[in-house]
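Q: Chain residues, written in single-letter form:
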Amino acid sequence: MSNTKVKKMLFILSKATLENVYAAFVMANGARMEGIESEIFFTFFGLEAIQKKKLEHLHVATVGNPAMHMPTMLGGLPGVEALASKMMKKEMDKLDMPPVGEFLEILSDSGCKLWACKLAVDMFHLEEKDLIDDLDGILTIGDFYSRADQEGTQLLFI
Amino acid sequence: MDKTIAQATISVDQEGYLTDFSQWNKEIGTEIAKEQGIEMTDKHWEVIDYIQDQFKNEHPLSIRGIKKSGVLNIKEFYALFPGGPLKKATMIAGIPKPKSCI
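The listed protein sequences correspond, in order, to chains A and B. First residue of the first sequence: 0, per numbering that gives the first Met the number 0; consecutive thereafter. First residue of the second sequence: 0, per numbering that gives the first Met the number 0; consecutive thereafter.
Derived from the structure by calculation, the hints contain no laboratory data. This one's a predicted model, so the numbers in the text were calculated from it and none came from an experiment. Mixed in with the good hints there might be a few duds.
What the hints assert, rightly or not - Here are the computed lysine-lysine pairs in the DSS-like style, where the Cα-Cα straight-line distance is at most 25 Å: (1) Lys117/A to Lys53/A; (2) Lys51/A to Lys98/B; (3) Lys112/A to Lys7/A; (4) Lys4/A to Lys98/B.
Turn these sequences into a full structure, and let the hints steer you where they fit.
A: Here you go:
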């Protein structure tokens, strides 16, 4: 157990852009490394990060992202998003940041619980076989809230 | 600051990490482990050896590195050093707390 006041971190990941996915993963893993419990609830587009066929093909957002310092028109050209994503993945690899699939494996092995949102799974017509094997289950939002029902729990929407 | 442990005086930082690795020995490691609620076994020492090797070779420590180490997997690592494995293992090993975020 950690000595911190925060005992448990619950992340809701609703987006599948690389920057959001990695933010959630790094924080969830960081929590486990500090002895804090952590769980991630994948909803809406966040589900792409746990779909076997899609998780290694996530992109960084080049349009509508002023921090890319690139004109929006240029960011929308074919191939620009792929190129920017490739460059970012290369930089992350230099820092020994694992690719999405391996990161999920690390999280699961570290005791971080991984949940899919039932409503979003139904909406995108997904089945359990489409999702990663390390998934801990498919939950309703009510189920997820019940997991927050203890002292020192924080919820974070990403 | 100075700390007396296992009949020796060592210098540690505020969190309890040794500031001079040359002061470390196995008895000190065992005592620090006890303070962290860990009873050292052969498997624990195997991990500490690996961590100290990485430190001596100036390889940064990370959870991914543990996965690739071939010494143990991540689940075993969390089971051996519950509640912050890399933090506790480095403290027992007498090396600085890792600065990596991963």
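Q: Hint by hint, say whether it matches the structure.
A: Taking the hints in turn, this is what the structure says about them:
1. Between Lys117/A and Lys53/A, the direct Cα distance comes to roughly 18 Å. Compliance with the 25 Å bound is thereby established for this hinted pair.
2. Of the supplied pair hints, the one linking Lys51/A and Lys98/B is violated, its CA atoms being roughly 32 Å apart against a limit of 25 Å.
3. A C-alpha spacing of about 11 Å is found between Lys112/A and Lys7/A, which places the hinted pair at or below 25 Å, so the restraint holds.
4. For the given pair, Lys4/A sits about 22 Å from Lys98/B by alpha-carbon distance, which is consistent with the 25 Å threshold.
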